[in-house]
Amino acid sequence: MRRMKLVMVGNGMAGVRTLEELLKLAPDLYDITVFGAETAPNYNRILLSPVLAGEQKFAQIILNDRAWYETRGISLHLGTAVTNIDRRARQVRAADGTVAPYDRLLFATGSIPIRLPIPGAELPGVLAYRDIADTEAMIAAAATHRHAVVIGGGLLGLEAANGLKARGMEVTVVHLAPWLMERQLDATAAGLLQTALEQRGLRFILGRETRELVRGGKKSGGRVAAVRLDDGSELPAELVVMAVGIRPNDALARESGLFCERGIVVNDTMMSYDPRIYAVGECVAHRGVAYGLVAPLFEQAKVCANHLAEFGIARYLGSTPSTKLKVTGIDVFSAGEFMGDSQTDDIVLLDKKGGVYKKLVLKDGKLVGAVLVGDTVDSSWYFQLLKDGKPVSEYRERLMFGQSGLGNTGHQGKNRAAELPDDFEVCGCNGVCKGTIVKTIKDRGLFTLEEVRQHTKASSSCGSCTGLVEQILASVVGGAYQPVLNSVKPMCRCTDYAHEDVRRAIRENRLMSIPEAMRFLEWRTPNGCASCRPALNYYLVCAWPHEYHDDAQSRFINERAHANIQKDGSFSVVPRIHGGVTTPAQLRRIAEVAEKYAVPTVKITGGQRIDLLGVKKDDLPKVWADLDMPSGFAYGKSIRTVKTCVGSEWCRFGVQDSTRLGIELEHALDRMWAPHKVKLAVSGCPRNCAEATIKDVGVVGVDSGWEIYVAGNGGIKAEVAQFLAKVKTGQEVLEFTGAFLQLYREEARYLDRSVHWVQRVGLDYVKGRVVEDAASRQALFGRLQEALRDQPDPWAEQVRTDSAEFRAIQLDSCQAEGNRDERMAENLPS
Amino acid sequence: MSEWLKICPLEDIPRLGARVVRTAQGDVAVFRNAEDELFALADQCPHRGGPLSQGIVFDRRVSCALHGLTLNLDSGAAQAPDDGCAKKYRVRLDKGVVFLNLGA
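Taken in order, these protein sequences are the chains called F and L. Under my numbering, think of the first position of the first sequence as 1261, with each following residue one higher. Under my numbering, think of the first position of the second sequence as 874, with each following residue one higher.
Any given hint might turn out to be false.
Coverage of chain L stretches by chain F, computed from C-beta distances (three or more under 8 Å per stretch; other residues unrestricted) [what the hints assert, rightly or not]: (1) 880 to 889; (2) 939 to 945.
Here are the simulated distance ranges between beta carbons [stated by the list, open to error]: (3) Arg1753/F to Arg921/L: 17 to 27 Å; (4) Lys960/L to Lys1876/F: 21 to 31 Å; (5) Lys960/L to His1806/F: 18 to 28 Å; (6) Arg1658/F to Glu908/L: 49 to 59 Å; (7) Asp2033/F to Glu908/L: 44 to 54 Å.
Hint data in this document are derived by calculation from the structure and do not stem from the laboratory. For every residue, glycine included, the Cβ atom is placed at its ideal position computed from N, Cα and C.
Same shape as in the complex, but just chain F:
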């Protein structure tokens, strides 16, 4: 098959990101040619300010070096501007005469800085601030000259001024508006920012327009020497930086007859009016908006790549941009409708002396805008709330105090990512310190949480440090950080489909095996990965409990071996002891087995069970046979235990028979697979000795019946279970509990604990399905009972079938091919 030809005009961040996304989706679809007007390969433009300020070297901000293009077979023309596009012949012509035909053309020409049309604008020493050439020219000027004037007190202007000051120049910022960054900040925030910058020695002239740039005498070689303002005053300046804004670089598109407004007009698939031509980045006008910040451009890149790859399912719906100033030591963040008006509800904190200002703008109970100066630790959290548009009224009074103010005990008081010392251990699971994360982000040019996980392992195990890692990422890459929105996250890198899509497809199309599901959903990998295969296996188990043939090789070792693997490769064995109530005979048998197999450790677990630790894998079937007890499923994403207190049978405070109900529940839920582990507890009175309120389902006896709590968690981050319903009888407890767990089984994503799922869908939804709608509850409970009907005990099954899984092949070093027959006989299963 002939490969199609893709030509990209422009070699900046948005365009190359599109290529990266495209190559992930369809590595072999196109022969790709790239024209870049700049001589440098793709670099991180938003980090030009740290380069200017001398905090980073240019080499550090290169995102894709030449080798990157070479290894992907991309033909790269650097320093080569495209001069003409012939849409009829479908070819582009470059300044050096190169002609490249295309099947698809991608415009990623970016933007160009606006130059004020004033006398002297063309003088030597007058620069814009846009690319590495400008940056290098500024660095050179700073080395030989003294006075700089920056025209424009916006984001870019201030970063330029700060950088020039850091290089030893005397810098004055001239700004037309009455306060700095007026498009991102209100007057109060801008005032604080100005004070902070003045303390660094910058000077500001506000509300003034520049009239003329004055040429210097012969000695200066005709270089600019001063800036004349509208009040006639003059400022000395051997370097003038115009940072008054950018406009989409759409000239070439216009010449080729493409429809442009303020930018190349594209639809939600990033396609221009010519269906062969796509456009991304700052050169684009999407729904009338041209974005100048990186995060929206990356979203566009993803959508555009999806369509170039002929997947045809993504849409770009516009972005809520946010701004972070990249001036080291001065933290400024703004997003959304930050000004506020008579319709909004503004929460303001101002600490003038401390240089901290926070303003949160609420409308209809939702966060619609935010400005933060001096303390931007919670900016990603606010930004997420703003984009999600979720109601915040419930914790309105604590909103100002940030995410930690909401009782995030995991990192309370420790989430000031930017201030943490480099040796602070961020990820306790993998022992990763902040310094390592920051260095890796910078050295490798990382932008996403997923990339940081891959390269540093931080946040890749238990995930409790995810928030902190995100904050560190945001503090290093600033506006380029893209929080991942849960709603659109694909299952893994083998597919673009989200968990929900996959489950629906399995149900609706009666997909009955993992290979069938992968074929139907066009998996990109031949047999998935260690992340999607267990998920698919569970979804199939859940959808077709009796028809699906469980795939052992797609289960983690614990579920494959029906025991819990330990750090030395041995296993632990936990027999089922319903409700934690045992007998002397059972204990005797367990003791005998422990002695017979020299089990090194026998321990009572947190869930009131007995754990035999350190059993060799080869011994497992024998241990199970001798125990002659059912599996306790202590290893599975499944029902674990129902913990009970003594209850009314013995306890002088007990008002309900919690032990009996716990045993009944555990029998009813036995062998239930779930998206993640499921723990229950039943307490016989409100003293709650079984700690029911930190369980997935907790039942608490009261005088008149039982209270049912759901979605609690005692793990990494303790979560108190929420009240679901109060019922009179034990039978009702079984039905409500079963219905709740079946809903969780059917709708949660694999590896969601019940708390995460309920947080996402809301308790009201769960109540609607389980409490308020009796028919729905009974149907759910019925499906659970049907699923659990006749499920065999895995240990008994294993003892019966004697599979090779548990037998190692013995081999002595002296055995060679010569005596093959004896060896074969020994190794073959009888």
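Add chain L to chain F, keeping to what the hints say.
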């Protein structure tokens, strides 16, 4: 010592799975992928010594059972950006029988 040792019939190794072979040089994991390609690595993850034979096999890779490090089965090397390498052994299939070579 570069002898080919007979291990077991191919069917004794589950597809997308592995078997442990206990040898004088330590445990060796023999893997079989979906295309019936065979691979043999020392049964010890370069990360923290986990038994690779217990991991999940996909494509030409295995994800270690203890902490999820992914190794390329053909080389034994950890997949970028991780590093580390498990010792690789030669293994071949002859008329439905698996042979392992523990020599260099």
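Discussion item. I want to verify a distance hint. Is the separation of the beta carbons of Arg1753/F and Arg921/L within 17 to 27 Å?
Written reply: Given about 24 Å between the Cβ atoms, the range holds.
Worksheet entry | Outcome of range test on Cβ distance (Asp2033/F, Glu908/L; 44 to 54 Å) | holds (49 Å)
Worksheet item: If you check the beta carbons of Lys960/L and His1806/F, does the distance land in 18 to 28 Å?
Response: violated (44 Å)
Discussion item. Just to be sure I understand the hint, the distance between the Cβ atoms of Lys960/L and Lys1876/F should be within 21 to 31 Å; is that true here?
Written reply: holds (23 Å)
Worksheet item: Could one say that the CB atoms of Arg1658/F and Glu908/L fall in the range 49 to 59 Å?
Response: holds (57 Å)
Item to complete: Verify the coverage statement for the stretch 880 to 889 of chain L against chain F, using a C-beta to C-beta distance below 8 Å and requiring 3 or more qualifying residues.
Response: Check passed, 7 qualifying residues.
Item to complete: Tell me if chain F covers the stretch 939 to 945 of chain L under the three-residue, 8 Å CB rule, please?
Response: Answer holds; 4 residues pass the 8 Å Cβ test.
The structure does not agree with numbered hint 5 stated previously, though it agrees with all others.
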